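Top to bottom, those sequences are chains D and S.
Here my numbering is used: position 353 in the first sequence is 353, and no number is missing along the way.
In short: position in the second sequence from 1, add 760, done, that's my numbering.
FYI, nobody ran anything at the bench for these hints, they're computed from the structure.
As the structure is a prediction and not an experimental result, all values here were calculated from the model.
Among the hints, a few may not be true.
Have a look at the derived ranges for each label pair, beta carbon to beta carbon [to be verified]:
no. : chain 1 : residue 1 : chain 2 : residue 2 : range
1   : S       : K1238     : D       : V490      : 21 to 31 Å
2   : D       : R695      : S       : T1127     : 18 to 28 Å
3   : S       : I1174     : D       : V360      : 42 to 52 Å
4   : S       : L1181     : D       : V490      : 47 to 57 Å
5   : S       : K1463     : D       : K712      : 52 to 62 Å
6   : D       : S66       : S       : I1114     : 43 to 53 Å
As a list, the in silico DSSO-like pairs of lysine-lysine whose alpha-carbon atoms are at most 30 Å apart [as the list claims (entries may be wrong)]:
no. : chain 1 : residue 1 : chain 2 : residue 2
7   : D       : K174      : S       : K958
8   : D       : K241      : D       : K740
9   : D       : K703      : S       : K1456
10  : S       : K1001     : S       : K1398
11  : S       : K1456     : D       : K299
12  : D       : K712      : S       : K970
13  : S       : K1456     : D       : K696
14  : S       : K1001     : D       : K198
15  : D       : K703      : S       : K1472
16  : D       : K703      : S       : K1463
17  : D       : K696      : S       : K1463
18  : S       : K1463     : D       : K210
19  : D       : K198      : S       : K1456
20  : S       : K1001     : D       : K696
21  : S       : K1069     : D       : K210
22  : S       : K1180     : S       : K1001
23  : D       : K703      : S       : K1069
24  : D       : K309      : S       : K1069
25  : S       : K1463     : D       : K712
26  : D       : K210      : S       : K945
27  : S       : K1238     : D       : K478
28  : S       : K970      : D       : K185
C-beta: ideal position from N, C-alpha, C; glycine also.
Residue-level listing of the chains:
Number of protein chains: 2
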Amino acid sequence: MILSALLTSVGINFGLCLLFFTLYSILRKQPINADVYAPRIVAEGKNDQSSDFNLERLLPSTSWVSRAWNPSEDELLMCAGLDGVVFMRIFTFSLKVFSFAGVVGLCALLPINYMGSQIFIDFSDFTNKSLESFSISNVNDGSQRLWIHFGAVYAFTAFVCYLLYVEYNSISLKRLAFYSSSTPKPNEFTVLVRGIPKSPTDTLSETVEKFFSEYYPSVYLSHYMVYHTSKIWKIMNEADKICKRLAYLKSTKERSQRFGRVGFLGICGPKVDLVEYYERKLDDLEEKARLQQSLLHGKELPAAFVSFKSRIGAAVALHIQQGSKPTEWLTERAPEPRDTYWPFFSASFLSRWIGNVVVVVACIVLTVLFFIPVIIVQGLTNLNQLETWFPFLKSILDITFVAQVITGYLPSLILKMFLKLVPPVMVLLSSIQGYVAQSQIMKSACNKMLWFSIWNVFFANALSGSVLYRVNIFLEPKQIPTILAVAVPVQATFFITYVVTNGWTNTASELLRLMPLISSYMTRVITTKGDEEELEVPSLPYSSEIPSLLLFGLFGITYFFLSPLILPFLLVYFCMGYIVYRHQINEGIALLVMLFVYKFSSVTVFLNEGIAQNDRNGPCVRESYGIGPCLLNVYSPKFETGGEFWPIVHNSTVFSLILMHMIAVGIFGLKKLPLASSLTLPLPLLTLLFNNYCRKRFLPVFKGYPAELMIKKDRRDENDPALSHFHEKLITAYQDPALKPIQFSTRTDSHNSPLLASQT
Amino acid sequence: MILSALLTSVGINFGLCLLFFTLYSILRKQPINADVYAPRIVAEGKNDQSSDFNLERLLPSTSWVSRAWNPSEDELLMCAGLDGVVFMRIFTFSLKVFSFAGVVGLCALLPINYMGSQIFIDFSDFTNKSLESFSISNVNDGSQRLWIHFGAVYAFTAFVCYLLYVEYNSISLKRLAFYSSSTPKPNEFTVLVRGIPKSPTDTLSETVEKFFSEYYPSVYLSHYMVYHTSKIWKIMNEADKICKRLAYLKSTKERSQRFGRVGFLGICGPKVDLVEYYERKLDDLEEKARLQQSLLHGKELPAAFVSFKSRIGAAVALHIQQGSKPTEWLTERAPEPRDTYWPFFSASFLSRWIGNVVVVVACIVLTVLFFIPVIIVQGLTNLNQLETWFPFLKSILDITFVAQVITGYLPSLILKMFLKLVPPVMVLLSSIQGYVAQSQIMKSACNKMLWFSIWNVFFANALSGSVLYRVNIFLEPKQIPTILAVAVPVQATFFITYVVTNGWTNTASELLRLMPLISSYMTRVITTKGDEEELEVPSLPYSSEIPSLLLFGLFGITYFFLSPLILPFLLVYFCMGYIVYRHQINEGIALLVMLFVYKFSSVTVFLNEGIAQNDRNGPCVRESYGIGPCLLNVYSPKFETGGEFWPIVHNSTVFSLILMHMIAVGIFGLKKLPLASSLTLPLPLLTLLFNNYCRKRFLPVFKGYPAELMIKKDRRDENDPALSHFHEKLITAYQDPALKPIQFSTRTDSHNSPLLASQT
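From just these sequences and the hints, can you work out the full model?
Structure follows, in structure tokens:
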């Protein structure tokens, strides 16, 4: 690729980013977008602001940047939890790494590359210059200057390992500090038991009761059996939608809207009073749900949430094999109640094992099928091939600008669109594996997505040969360094455009919240649905964001000494990402706070009503809507893993380093400097040793909590008068919301439903 | 190799075996060998039997075979512990596997191989026939008969996996039953804590005391700090030798023997009263040892044995991370007191980690260096090459018999002698890794030895090319099946002779106890040392025996469909081994029983004396000599892992199966039956899945014990009045013998010393 094509791509994307930022700073001041950028205004019914027109509203501003800068890490920790902090740490870590790499690469390596004469360069036209003259390919074979590259590889590895160690250490300390300072949480006292053996005389529930009261008489508190409730969940979700619709209909002032057709898409069928219609429908659903509940009686799954009186009691049940048969009485960490993924249950050991095997196969199939879009993308970068396929395009493709757009922009855009489809699939696959928590599913999906994108974005594009050719490389390990060394440097410009199109634009559109914005406009134009639909709590999609960040890290690390030109683009990306995500997290928190204030006020009304109506019903509903535990934790996102995403970051960085070493071995060999090639060989081994040390030194902290801390926390709680109250709450904390007394009653305040929805 | 050379080798070894068996059945009746085959006669002083000469003593008999047959597995379990049972299970498992393989191989595959015509055969002379006509190489390319081989591979894999599952299941159940029926043992109540953090105010011992009495107030019992006592151990071993010598001198009737020279090798120097000389020397050593003990004061290592009042208490400390820092308060399973390997201490996390890295490197270096003898051995099988190297041997090598001995016998004999040197090195390497128990060292050495011999015996000989060529194969995985398929079948005869020379003869000489026998004669001829030196407790050398058994299993599994001719030889080997080892274990037990009766009687005398002499001293010495715990466990060997060797057997068998599948893929490809080659590919995957399932299903049982059982045992103990007595003993169970009050007093009974020696 030539420089001008790259510049086209950079120009387009830079323009897009500026446009997005400007649009954001204007749009967020428009009341009509309040439901996208500040749902609280809609929620509090102050929608009539729209009349106060002034000029300032139409001018772009940068105030949001300073708001993103302000909060300290401690404030972030308070608000977004440790996961948010770890997420932001990926940015600071990458910034440190690539600042060092940038200084070394741009000041030392780039001039050396440029001074070489391996590749023929036409000095007459700077913009038509091949970008390869900035890459290591341009250094003359056997040149002693390559020793500077060699030194840079060693220095960079040492620097990254040092940073990795410091970060791992600091995050593991933060994790422990976060744990010891947190208030009691139900998941600290609870374990999930699966594989409860069937007894000929007792029910499963009795078996659990007997087992734990026999072996843990002093610490066992209670247990909750698990049922297959997906049918009830379906009914509840449906009822929830109707509730929202109903609430909107009731709140609307125009009576005409209360009448409508209820047939296909609301077009055919007789006109009826919609309020009456929906209320009748709700009653039907309520009856159906109650029927389903009664059918479940006696049909427990062999799994239960078992709660203990102390953390150490739960830890004992968790860490020590319980039953003699390793496939029975399997214990695992219980998720937070709000984090529980209810429709999980493949409860038996064997079915989960099979599920895992199936998922591995499915991942491989998905990866193989994904070759198809990748090949299409690679076809686009090769204009001649495209002209052969579609000869009628020849005239258009001859226009320089079109050609530049197609080679510089279109390929990575298409790849990006296909990649967007993958994370949900990975989440789905992970949920089949039998995880019980959304956080576990996210972590697993994050890992899957990471390896998927390394393979399908990095390798598939870097090697860019036929499918067979690419599989072959792993059957000839000796050839890998050489093959990589030949193929990878050539693709530098593709990855630079990838950073620019995917990284920059993604970040900017994340700020603009492009999709919710568009869908909000679409909804408003097409349907007559209520605004409440938009009131979804934003939470960071770790499973798609972390892999993409790490993928950019991989690009930077591998291309650092091959083609340092990528580094400034990456630095811009990480800077932009740092500010935007800090802003989004804060904004998310602000939304959550507002949402909570609003929900809580209305729910309190509803609860009081509820209690007045039905004494037994009240507290149950209160629990089920997550208000009990939520009161303490409202600022944090959907779940809190306590920084368990960091080991993924660590492993991925170590992998990137080793990949870089392999390429270095190949490159030095190709460049006829065999001594440097051999001297690079110890580097991956040393890196692996470093990784092994870190695994032993830090990983245990991320797998559990030390007895010392647990016992200290238990002691502190013992003196706390609130403990018995907490134990009471603990008993019902893990009740499946679908099993609680059901009441979709039309008399309840409509505002309760979204909270219920947020639990699903 | 031709049939006659194989027959020569088989003949020689069959003759040797017969000779050994006959010799054994005669020699064991000779009173002069009593110290080798039945030390009890020597021990009880009934040495004067030698006069009763009769003819029967000179006739071979087979009574020992029936004695080996008699005991049931339960009796074996009672006597030899679960490790002995597991060891014998390897034989029965192999017998089952190779009986099936033998039937299929000899009835179905061998005739098909023989009927082929791929290899030119000279039908005129049967004995000169190449053995390859019995191997798969003889089947014609593309022959449909290969589908029978294909079917056999599938059927055999299914059968072996079924057996593996059944055995794993049965052994895991036995392990649990063995645990729940055993009496309380100190190691069940104790954990070893390493990485005790230094405190500015307290000593290490106080730190441990504080930590455990704070966090485990109800179950913590006591702790024992660990010191570097290797110097004292050296002195104690020296003193022990002198004690024995002294006892012999005292017991001898001839006064002339009491005087001798004490200079170099007892040849020079003045003649002195040896009894007096040694007694003086003992006093010196005693003083030296006490000085060393006093020097240790305050120099504890950051490691301690911490004992708890209940098994579940110890298990909690064991399984849950204790300190916040994962490199501090590291807990691990305590070994049995008699099993403890005292000179272990690389106590810090970092030094152990470095030790592990060093050992991995050392293992690789050892494996590489071992190529040298292997190349020599391979040179011997190639007569022409030998003649080129040593032209003067030409005339001798031309004699058919000599040539047959050299090609058929010598190579594997030399290999065997070199292999004999490796297990001690592996044990040494494992001991550097920081294991605290001899059993752990044995297990680790067993694993190392297994992979070492698979690589250096199987691969190095099968591939038999240059060193470079052999390393290269693993850098081109795609080529592995083809390379193996070309190289492995050719070496069938080498491995048959290996089975015959190594397997058969080893087993027979194990029965004859050739080495102890020779050394006993040598001692008697050369020195005037006492017979007590020979009274060592025989224990099974798992770390060298299990790998060699598994290696034979690997031969059988890989050659099963290539060259079924190996199977009868293997079956003979396993049958012979089964009987001989059953006999040896029983004999070993008999020896132990006798030894114990004899020791115990004399030690009781000594103890009573000791107590009379020094009240404080008595019980300590009693503990240190292992009589307390040993009283309950005298029948078992040096340690009891509870069957933890089985997973090694399982993994090795699975590896052998997969190796067989890879060769099958290659062979079917070579034989131009690509469909069969592709259809074999799922087999290794299925086997790996099976292995993965077994790991999850059974392995946890071998890593620890379930809470259910531990709590049950604890409850049972609570009602036992002996518990408080046991707790008292537990407090001192883990005292380093080198730290106990030292008394090499000459007045003590000499017979106590060997038991002390058996603890080192």
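Each hint tested on the structure:
no.	hint	verdict
1	K1238/S <-> V490/D: 21 to 31 Å	holds (25 Å)
2	R695/D <-> T1127/S: 18 to 28 Å	holds (25 Å)
3	I1174/S <-> V360/D: 42 to 52 Å	holds (47 Å)
4	L1181/S <-> V490/D: 47 to 57 Å	holds (53 Å)
5	K1463/S <-> K712/D: 52 to 62 Å	violated (28 Å)
6	S66/D <-> I1114/S: 43 to 53 Å	holds (50 Å)
7	K174/D <-> K958/S	holds (23 Å)
8	K241/D <-> K740/D	holds (19 Å)
9	K703/D <-> K1456/S	holds (19 Å)
10	K1001/S <-> K1398/S	holds (21 Å)
11	K1456/S <-> K299/D	holds (28 Å)
12	K712/D <-> K970/S	holds (14 Å)
13	K1456/S <-> K696/D	holds (22 Å)
14	K1001/S <-> K198/D	violated (62 Å)
15	K703/D <-> K1472/S	holds (29 Å)
16	K703/D <-> K1463/S	holds (18 Å)
17	K696/D <-> K1463/S	holds (19 Å)
18	K1463/S <-> K210/D	holds (26 Å)
19	K198/D <-> K1456/S	holds (20 Å)
20	K1001/S <-> K696/D	violated (43 Å)
21	K1069/S <-> K210/D	holds (25 Å)
22	K1180/S <-> K1001/S	holds (27 Å)
23	K703/D <-> K1069/S	holds (28 Å)
24	K309/D <-> K1069/S	holds (22 Å)
25	K1463/S <-> K712/D	holds (29 Å)
26	K210/D <-> K945/S	holds (29 Å)
27	K1238/S <-> K478/D	holds (12 Å)
28	K970/S <-> K185/D	holds (29 Å)
Violated hints, in rising order: 5, 14 and 20; the structure is consistent with all others.
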